[in-house]
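*Asks:* If you use my numbering, the sequence shown closes out at 129, no skipped numbers anywhere.
Please note that the accuracy of each hint is not assured.
What the hints assert, rightly or not - Subject to a maximum C-alpha distance of 25 Å in a straight line, what follows is the list of computed SDA-like cross-link-like pairs (lysine to any residue):
1. 121 with 34
2. 35 with 54
3. 63 with 92
4. 63 with 115
5. 52 with 72
6. 35 with 123
7. 121 with 111
8. 63 with 121
9. 119 with 92
10. 63 with 113
11. 68 with 113
12. 68 with 93
13. 121 with 58
14. 121 with 81
15. 108 with 88
16. 63 with 40
17. 35 with 110
18. 35 with 60
19. 119 with 106
20. 35 with 81
21. 35 with 102
22. 121 with 100
23. 108 with 37
24. 68 with 122
25. 52 with 34
26. 119 with 65
27. 35 with 124
28. 68 with 115
29. 121 with 57
30. 108 with 78
31. 35 with 75
32. 108 with 56
33. 63 with 100
34. 121 with 75
35. 68 with 46
36. 108 with 36
37. 35 with 125
38. 119 with 30
39. 63 with 102
40. 35 with 108
To be clear, the hints were calculated from the coordinates, so they are not data collected in a lab.
As the structure is a prediction and not an experimental result, all values here were calculated from the model.
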Amino acid sequence: MADLFSKFNELNLQLQGSELNLIKTRFLISPFISKLVLFKRNLGRREFYQFPSVAALRENGEVHDDDIQIYCDHLDMLQKDMQERFQDILKMKIPNQLLNV
29 MADLFSKFNE LNLQLQGSEL NLIKTRFLIS PFISKLVLFK RNLGRREFYQ FPSVAALREN
89 GEVHDDDIQI YCDHLDMLQK DMQERFQDIL KMKIPNQLLN V
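All chains should be built: construct the whole structure from the sequences, respecting the hints.
*Replies:* Structural data, given as structure tokens:
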């Protein structure tokens with residue numbers, strides 16, 4: 029899934045910034061995990077907005093319903109894995125006065 033890898037690459041580049049701290053990391057990771065849920069839901073509905081490569085393959089008959097279910101399952105596992113791996117960062121309480129910095 030080239031489309032998903034491009035999204036990972038975007039996140040990876042953002043996480044490599046020299047100005048990165050735990051607060052910024054949390055504000056990058058949390059929305060990405062939420063997007064994985066959205067991606068799974070859209071794929072399950074056969075809406076391929078975020079996955080143009082899958083849409084093209086689907087139009088050519090190269091992607092079947094079983095394949096889409098496998099992709100959805102992978103997205104679900106990925107979301108759960110990321111929540112577990114980043115649970116410390118996701119559970120961080122950030123005081124309001126630090127949010128405006």
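*Asks:* For each hint, tell me whether it holds in the structure or not.
*Replies:* Against the structure, the hints come out as follows:
With a CA separation close to 30 Å, the supplied pair residue 121 and residue 34 exceeds the 25 Å bound. Our distance criterion of 25 Å between C-alpha atoms is met by residue 35 and residue 54, whose separation comes to about 17 Å. For the hint linking residue 63 to residue 92, the alpha-carbon distance of about 23 Å falls within 25 Å, and the restraint holds. Using a Cα cut-off of 25 Å, the hinted pair residue 63 and residue 115 holds, with the two alpha carbons roughly 17 Å apart.
At most 25 Å may separate the alpha-carbon atoms for a hinted pair to count; residue 52 and residue 72 exceed this at roughly 31 Å. The hinted pair formed by residue 35 and residue 123 fails the criterion: a straight-line CA distance of about 29 Å is larger than 25 Å. Distance check on the hinted pair: residue 121 and residue 111 sit about 16 Å apart at the alpha-carbon level, within 25 Å; holds. Using a Cα cut-off of 25 Å, the hinted pair residue 63 and residue 121 holds, with the two alpha carbons roughly 21 Å apart.
Taking the CA atoms of residue 119 and residue 92, the gap is near 38 Å; set against the 25 Å cutoff, the hint is violated. With a C-alpha separation of about 17 Å, the suggested pair residue 63 and residue 113 falls inside the 25 Å cut-off, and the hint holds. With a CA separation close to 19 Å, the supplied pair residue 68 and residue 113 stays within the 25 Å bound. Pair hint residue 68 plus residue 93 holds up; C-alpha atoms about 14 Å apart against a cutoff of 25 Å.
Of the supplied pair hints, the one linking residue 121 and residue 58 holds, its CA atoms being roughly 13 Å apart against a limit of 25 Å. Restraint check for residue 121 and residue 81: the C-alpha separation of about 38 Å exceeds 25 Å, so the hint is violated. For the proposed pair residue 108 and residue 88, the alpha carbon gap of about 32 Å is over 25 Å, so the pair is violated. About 15 Å separates the Cα atoms of residue 63 and residue 40, which keeps this hinted pair within 25 Å; it holds.
Restraint check: the Cα-Cα separation between residue 35 and residue 110 comes to about 14 Å, which is no more than 25 Å; the hinted pair holds. The straight-line distance between the Cα atoms of residue 35 and residue 60 is roughly 9 Å, inside the 25 Å bound, and the hint therefore holds. A C-alpha spacing of about 18 Å is found between residue 119 and residue 106, which places the hinted pair at or below 25 Å, so the restraint holds. Distance check on the hinted pair: residue 35 and residue 81 sit about 13 Å apart at the alpha-carbon level, within 25 Å; holds.
Annotation: proposed proximity of residue 35 to residue 102 holds, straight-line Cα distance about 15 Å (limit 25 Å). With a C-alpha separation of about 31 Å, the suggested pair residue 121 and residue 100 falls outside the 25 Å cut-off, and the hint is violated. Our distance criterion of 25 Å between C-alpha atoms is met by residue 108 and residue 37, whose separation comes to about 19 Å. For the hint pairing residue 68 with residue 122, the CA-to-CA distance comes to about 29 Å; that exceeds 25 Å, so the pair is violated.
Taking the CA atoms of residue 52 and residue 34, the gap is near 21 Å; set against the 25 Å cutoff, the hint holds. Among the hinted pairs, residue 119 with residue 65 is consistent with the structure: their alpha-carbon atoms are about 18 Å apart, no more than 25 Å. At most 25 Å may separate the alpha-carbon atoms for a hinted pair to count; residue 35 and residue 124 exceed this at roughly 29 Å. Between residue 68 and residue 115, the direct Cα distance comes to roughly 21 Å. Compliance with the 25 Å bound is thereby established for this hinted pair.
Under the criterion of a C-alpha separation no larger than 25 Å, the hint pairing residue 121 with residue 57 is consistent with the structure, at around 15 Å. Between the alpha carbons of residue 108 and residue 78 the distance comes to roughly 20 Å, so the proposed pair stays at or under 25 Å and holds. For the hint pairing residue 35 with residue 75, the CA-to-CA distance comes to about 17 Å; that is within 25 Å, so the pair holds. A hinted pair counts as satisfied when its Cα atoms are at most 25 Å apart, and residue 108 with residue 56 qualifies at roughly 16 Å.
A distance of roughly 13 Å separates the Cα atoms of residue 63 and residue 100; the hinted pair therefore holds under the 25 Å criterion. Between the alpha carbons of residue 121 and residue 75 the distance comes to roughly 35 Å, so the proposed pair goes past 25 Å and is violated. Proximity of residue 68 to residue 46 is assessed by CA-CA distance (about 32 Å); at most 25 Å being required, the pair is judged violated. Restraint check for residue 108 and residue 36: satisfied, since their Cα atoms lie roughly 15 Å apart, inside the 25 Å limit.
For the suggested pair residue 35 and residue 125, the alpha carbons sit about 31 Å apart, so the restraint of at most 25 Å is broken. Using a Cα cut-off of 25 Å, the hinted pair residue 119 and residue 30 is violated, with the two alpha carbons roughly 30 Å apart. A threshold of 25 Å between alpha carbons decides the hint, and for residue 63 with residue 102 the separation of about 14 Å falls inside it, so the pair holds. Of the supplied pair hints, the one linking residue 35 and residue 108 holds, its CA atoms being roughly 17 Å apart against a limit of 25 Å.
When each numbered hint is compared with the structure, violations occur for hints 1, 5, 6, 9, 14, 15, 22, 24, 27, 34, 35, 37 and 38.
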